[in-house]
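Chemist: Single-letter residue listing:
2 protein chains.
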Amino acid sequence: MTSPVPPALRSTPRASDAAEIRRIIAATQFFRAAEVDIAVELVQEAIDKGAAKSGYHFLFDDTLSGGLRGYACYGPIDGTESSWDFYWIAVDPAAQGKGIGQRLLVASEHDAAAHGARRFWVETSTLALYEPTRRFYHRAGYTDAAALADFYAPGDGKLILFKELGQEPASRELPL
Amino acid sequence: MTSPVPPALRSTPRASDAAEIRRIIAATQFFRAAEVDIAVELVQEAIDKGAAKSGYHFLFDDTLSGGLRGYACYGPIDGTESSWDFYWIAVDPAAQGKGIGQRLLVASEHDAAAHGARRFWVETSTLALYEPTRRFYHRAGYTDAAALADFYAPGDGKLILFKELGQEPASRELPL
Chain A
1 MTSPVPPALR STPRASDAAE IRRIIAATQF FRAAEVDIAV ELVQEAIDKG AAKSGYHFLF
61 DDTLSGGLRG YACYGPIDGT ESSWDFYWIA VDPAAQGKGI GQRLLVASEH DAAAHGARRF
121 WVETSTLALY EPTRRFYHRA GYTDAAALAD FYAPGDGKLI LFKELGQEPA SRELPL
Chain B
1 MTSPVPPALR STPRASDAAE IRRIIAATQF FRAAEVDIAV ELVQEAIDKG AAKSGYHFLF
61 DDTLSGGLRG YACYGPIDGT ESSWDFYWIA VDPAAQGKGI GQRLLVASEH DAAAHGARRF
121 WVETSTLALY EPTRRFYHRA GYTDAAALAD FYAPGDGKLI LFKELGQEPA SRELPL
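Note that the protein sequences, when read in sequence, are chains A and B.
Counted from 1, the first sequence has number 93 at position 93 by the working numbering; the numbering is strictly sequential.
Counted from 1, the second sequence has number 148 at position 148 by the working numbering; the numbering is strictly sequential.
Extracted from the complex, chain A is given alone in its bound form:
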């Protein structure tokens, strides 16, 4: 018996993604209420206008039965030559520990690099709660660039990390 091949990552948002993303992001408990709303608004805008016009790139990891188990959102930073922001990544808690997050992150980096990104920037919190988030990025080759004290709230700072992109051999097969 062989394992079923997981579906390819999907880059085009569809109508059901907004509710699925709200469900997943709320379930992770890593996002503030305001952040949940922003994340859902971003994907809703991409559904309404089309991803190309929204200025955001998405990758969705679907289950075999057609549900969503993870997604990533990233895009070019206005006013920069080749810096991109990795805005959001979330994986359904029921599907965590299977490398879905790393697959989404690596695929996002490749897609961004293919669109001219040279640096990927990530922001997360300095709170102890986000230690797994920081480990996730450090394992993936990200470097701490700065910590802004009290940015999100008194006692809750912002950590900024980055990674140089485009250092991969061109022949490497894309994980998409």
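Each hint can be trusted.
A pair holds if it fits inside one copy or across any two, identical chains being indistinguishable in the list.
The calculated DMTMM-like cross-link candidates involving lysine to aspartate or glutamate, where the alpha carbons are at most 25 angstroms apart (straight line), are:
(1) 49 with 85
(2) 53 with 78
(3) 98 with 123
(4) 49 with 20
(5) 163 with 150
(6) 49 with 35
(7) 53 with 81
(8) 49 with 62
(9) 163 with 123
(10) 163 with 144
Everything labelled a hint here was simulated from the structure, so no lab data went into it.
Mind docking chain B on chain A? Use the hints.
Modeler: Chain B in isolation, oriented as in the chain A frame:
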């Protein structure tokens, strides 16, 4: 003979501001072409929707004859409790050296603090060209928080500065 009293700062955008801001910002030569477009888009959105709905706050410094000689744009940062971004400030080169920039900055800080801002964040470039910009903020009590190398372009980093707000005595007269 007494000097005429300068008009009070204006917070409500008007239709002529978009073209005036494009003129002033282009004249300073401190903004990239993409930034000029973004700055004009922001004020156009505030003109169209009303400043309150746009999420941005503005202060305009008008001349006695009704033209614009400077403006500032700032607002709360989504997902934070009390951090605000000071997005833009520009003063007509023909009117520089008169303290108009400092007046706009101080009035922006007071307005933001009155709306609950605790920290004002500013971003500028690490390029030598922006040394006057950095001096402007340092004189006004801002502290360097971080420098992100190669953020805007290779060799052109982003400097992030901040200032704690709301430390002023409540009785101090607002400069508005």
